[in-house]
Amino acid sequence: MLERIKRVYVPMTETGFYILYCLREEMHGYNIGQQVRQMTGGEVTISPGTMYGTLSKMEKDGLIRFVREEEKRKLYVITELGWEVLEIELRRIERLYKNSKGEYIYGR
Amino acid sequence: MADRVLFRFMTVTDYEEEEQFLSEQHKEGWKLCKYLLPGIYFFDKCVPEDVVYRLDFEQAEKSEKTEYLQLYNDYGWEYLFDVNGFSYFRKRAGSEERELEIFSDNESRIEMVERVFKRRMIPLLIVFFSCVMPQLVIQFLNWNERGDPFAKGFVIFFTILFGLYLYLFIHCGRKIRRLKRKYMKE
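Residue numbers (the numbering used here), protein chains in the order written: chain A, 16 to 123; chain B, 845 to 1030.
Just chain A, with the same shape it has in the complex:
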């Protein structure tokens, strides 16, 4: 994976993580916002300016790609590169979680 992408996206911002995570299925911006709201019980909000900016940036960096347009809304989906980044991030979060519960990670 490109070093630059890793440097920019790992660790991810909360906004970045949720957007990428949601885009395992194709979705448009407002959908993502709604889903994140539901998933987090309203604790995480992604406003339109932030949503638009993050989607554009991720598309430019090749983490997600534009699929098609539906009633003037652009649908995106995660790419292979996006998956790589997401998996690194998921492992990191899991480690944080385990460590926070007093568990140690052995090996590797």
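Don't read these hints as lab results, they were simulated from the structure.
For clarity, every value in this text was computed on a predicted model and none was experimentally measured.
Fair warning: there could be bad hints in the mix.
[To be verified] Pairwise CB distance ranges, derived in the manner of DEER restraints:
# : chain 1 : residue 1 : chain 2 : residue 2 : range
1 : A       : Q53       : B       : N917      : 53 to 61 Å
2 : B       : V981      : A       : E86       : 52 to 60 Å
3 : B       : G929      : A       : E74       : 20 to 28 Å
Just so you know, even glycine gets a beta-carbon here, dropped at the ideal spot from N, CA and C.
Use these hints to put chain B onto chain A, whose structure you have.
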């Protein structure tokens, strides 16, 4: 025609004050209907209401403007118009606080400040150093050495321009620093 016209000079870095100003007007029963540079605001009479105004700066390319505005629309924002690269939005203040922001993290707020700096301040700096400054010196020499009668007028003109630019640079430069600092701390 509009029911009320006000003049307020706002630089590109004063967008938070502008949002505040427009909100206050709406609360008094004046809703924004048109805005002309360098600072002429046109209002229509309306029912006084708590309405939040928000400005975004050059996020979408022209070809993507429709999708960009659709996203804002989905989030419940009313789009007014674009002036000088700024898109004007408003929303009734009834909903939750965080629904009234167009940016939900400081990173995107800082990015907006940086866009304003890159696309509005840097061109001004280039004009200043490649035109205003050299012209002032050249015209001053013409006037001083050759007694060129036109040169005096130019000297006055470029001196005024010089002063204006200097004021803008100092004002906007400080403002940008302050905005960035504020968002980094929050």
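Verification of the supplied hints:
| no. | hint | in the structure |
| --- | --- | --- |
| 1 | A:Q53 / B:N917: 53 to 61 Å | violated, 21 Å |
| 2 | B:V981 / A:E86: 52 to 60 Å | holds, 58 Å |
| 3 | B:G929 / A:E74: 20 to 28 Å | holds, 22 Å |
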